[in-house]
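Since the structure of chain A is provided, determine the placement of chain B on it from the hints.
2 protein chains.
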Amino acid sequence: MTAKNTLQTLIDQTKETAVLQSIEELLNWDQRTQMPAKAANYRAEQITLLSGMIHQRTVDPRRGQYLTELAEEVSSQSDHDGDVIVLRLLKQYEKEKKIPLRLVEEFSKARVMAHQAWVDARKANRFSDFAPHLETIVKLLREKTDAIGFQESAYDVLLDDYEPNTKSSDVASVFSALKADLVPLISEIGESSCRPDSSIIRRPFPIADQQTFGTSAAKAIGFDFEAGRLDITHHPFCCTVGPKDCRITTRYDKNYFNSAFFGILHEAGHGLYEQGLRADQFGLPTGEYCSLGIHESQSRLWENMVGRSKSFWKHFFPLAQNSFPQALANVPLDHFFGAVNDVKPSLIRVEADEATYSLHVIIRFELEQALFTGDLQVNDLPAAWNQKYQQALGIHPDSDSNGVLQDVHWSEGLFGYFPTYALGNLYAAQFFDSAANAIGDLDLQIAKGEFVPLLNWLRSNVHQKGKSLSASDILQSATGESLSHQPMMTYLREKYAEIYSL
Amino acid sequence: MTAKNTLQTLIDQTKETAVLQSIEELLNWDQRTQMPAKAANYRAEQITLLSGMIHQRTVDPRRGQYLTELAEEVSSQSDHDGDVIVLRLLKQYEKEKKIPLRLVEEFSKARVMAHQAWVDARKANRFSDFAPHLETIVKLLREKTDAIGFQESAYDVLLDDYEPNTKSSDVASVFSALKADLVPLISEIGESSCRPDSSIIRRPFPIADQQTFGTSAAKAIGFDFEAGRLDITHHPFCCTVGPKDCRITTRYDKNYFNSAFFGILHEAGHGLYEQGLRADQFGLPTGEYCSLGIHESQSRLWENMVGRSKSFWKHFFPLAQNSFPQALANVPLDHFFGAVNDVKPSLIRVEADEATYSLHVIIRFELEQALFTGDLQVNDLPAAWNQKYQQALGIHPDSDSNGVLQDVHWSEGLFGYFPTYALGNLYAAQFFDSAANAIGDLDLQIAKGEFVPLLNWLRSNVHQKGKSLSASDILQSATGESLSHQPMMTYLREKYAEIYSL
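Each protein sequence line maps, in turn, to chains A and B. First residue of the first sequence: 0, per numbering that gives the first Met the number 0; consecutive thereafter. First residue of the second sequence: 0, per numbering that gives the first Met the number 0; consecutive thereafter.
Since the hints were derived computationally from the structure, they do not count as laboratory data. Hints are not guaranteed to be accurate.
Identical copies look the same in the list; a pair holds intra-copy or inter-copy alike.
Unchecked claim - Restricting the straight-line Cα-Cα distance to at most 27 angstroms, the calculated cross-link-like pairs of lysine-lysine (DSSO-like) are:
(1) Lys37 <-> Lys218
(2) Lys37 <-> Lys14
(3) Lys309 <-> Lys97
(4) Lys97 <-> Lys138
Bear in mind that the values here come from a model prediction, so they are computed numbers and not experimental data.
With the rest of the complex left out, here is chain A (with noise of 0.2 angstroms):
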């Protein structure tokens, strides 16, 4: 075969094997949201199957074989499509083909049990039962980067799984300026004697309006309902059935505006990245999602830094007052814009308000690079979290299931994962500050309920870019700066002056 048949050949097989991914993540968005209960045996038996198809797939020697070839001819400076999608399957090859089966199959057996024993011991409110099951995963995980290899550090390999190309030296550093910056900010909230009345989110909020109300705002922020859906589940998500099929759903409290609605922004901010990567080249490295941190960043930045801003709310709060005339009638757009952003401490990560939030992610990585470089047993986890919480925000877990039970990702042996949670917030400030210069009254735009120029400068600075470039690529070439929590403290202050008058 010549190069170019080789390549093509290489670049069907590879969307083959998508279109059995995208399968799968139809049976497993059925089985969150449509699948009646008994069904749950053989639906697992279809994924099974579907998942050993796609694995074998994967590790297909000749597969390997075509790429090292075809990686003879690329620079790894290249961005070309071609040479993009030939370097990033090479290197996911090459990390597969290092982990034993042996490995892979023991890591599969001990999340399962993790997974059970986690969700017993955080009903029971037992760390202890937890603990042994913990430790096997931190072991089998080590094995795995003792056999994939790292220069600096274990945890980097880990990283790398969500957030490619990053070293968790540099993250560490850009996290704890990012800490020493948010404490002392988040005292002065604390201190200062405006408080928003945040009652006005927790009174009664009609389900159906909040669904109505919610998806006229997802409509509107440019999420497509004909390549896409909004359903109900109890946790939130986003997946893609298709290059012209992304589903979220969102949870509905009828007293309590803040968790649908957000969370439908947050979904949809997921989705608009999905909605915004090349169709034709769906499942492909050049149409596929950069990072988890920079998936992390369109929802938050539209969460938080368009939904949550005082801009918005002057385009929504009217229609929210219209939808909701019992709970809003009567309320200021200053009082409800300070209660949608009210910040207090608190002990649940993804009930966090957006200046603690960060802090609730650095504290999970900082463990878990302890616990990777043999500083942190397992047994003593809970007690270096509580501290941990003590010390940050100034508060103590009353129980393990609010503390250290209270994630499901160690079960499921998602280590390197959180951080691209507060990386997501980083990036976020950093794309908002740029886009707000490119475009120059973003703000009255967003106060219109114009979003198109914004959604458009994210669909050509980042979401067009697939993983054609590394999240710092995508950051530098989108906004000339390298990662910073400057950008992010800035935005944050500036809200926060505002509301508490520091």
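Frame of chain A, contents of chain B only:
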């Protein structure tokens, strides 16, 4: 391999193929109920890839070899699971093997073209636009019947795809007896001075209340909503996504009671059959429905023999009055019973009442037969259609769209399919008779809303048999009789004698 090992290998492979088929069912279900519009193209790619894999596995020559080896040791009369599996799969394999790939592909293309042509021709009310496509379909089907071979008639081969081991001459003779009795019955009804007030069921029935009421009725007759769902589609259907995952749909008309309610009972009847098959044999002939006629017998039995009976409404009418006070508060049970059983010859099969329905089907069967004997040419179809409607039902189609072009089946190459609808009616009446004899006070039980004994009788006499027996053998073993139109006629005469004072 020993014969036992060969059988196990065959079973494992067949079950694995069934997993892929069940995933394809989910893709289809999702497409018809959930999928966003723009996802259609990629959905086609997903389905095409999966179909290809399924086809490859089905015609795998190693499979044929296993089957041939195993079949040598099996008696064709055996009803042991292993033997049934081998015989049914071998028959299917040998049938498919005889059809040249060229023909499969040509037919597949012809169907796509014919379907679109049918949609357009129906809209334009111009049969001549559809005729050449229908000619191609008939020509290719004749090639198929020639390739497979037959003893009595080519039509037998077509029928065998839907009603295995059933001879069209047998169907023809029972249909002709049925027609000879139905035509005068319908005349008598037409001449009766009693006329039910059919406006009762054309009053406002709020859709949300129809959903609740219909769902509760489906639950009451035994449809398991933890192993199934009910959704909304324009064309109602029942599909099976796994052994504990049967999904039915209906459509709602806010000013018409029958469409959704009897549609739900009909599809739930199909669903009860699917839910009653042996779950551990899912994907094998032992856990598969016997024939389309037997499938239809279950839907028609619950829709009509149960759901349109006086006993049924003795229990459900007070509940219906509670659910639909505006429409039914002051309606006597007898009037309602008459209204849901009103007989009136009409042009459209899917809207036909219980008495005239089979005549619609018999007309199609007669025309299909004539097309395949060569006694009728495609171009003469509209005239022959209209003449038969005049003769059997005393009405003349006002257009081809409401006549020969009304059904989708022929455009999809489904010849030999229609007769299973009327066979379903006949089987249903025979089953219902025998169940009533076996149970004793079936009417009383139905009047108390007690459906378990009837369902149990169907479970053990029909559902649990799967494809182990042919339709005629199931009929024989369950009722002690062979196919007959008498129970159906007795049942109809009795019902209409009361309503129309015949």
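Now for the hints, and whether the structure bears them out:
1. In the homo-oligomer, the alpha carbons of Lys37 and Lys218 lie at most 27 angstroms apart only across protomers (16 angstroms), although the nearest pairing inside one protomer, at 35 angstroms, exceeds that limit.
2. Taking the closest pair of Cα atoms, Lys37 and Lys14 come within 27 angstroms of each other only across two copies (19 angstroms); inside a single copy the shortest separation is 33 angstroms, beyond that limit.
3. For the identical chains of this complex, Lys309 and Lys97 are neighbours neither inside a copy (51 angstroms) nor across copies (71 angstroms), given an alpha-carbon limit of 27 angstroms.
4. For a Cα distance limit of 27 angstroms, the shortest separation of Lys97 from Lys138 inside one copy, 17 angstroms, qualifies, whereas the shortest one across copies, 57 angstroms, does not.
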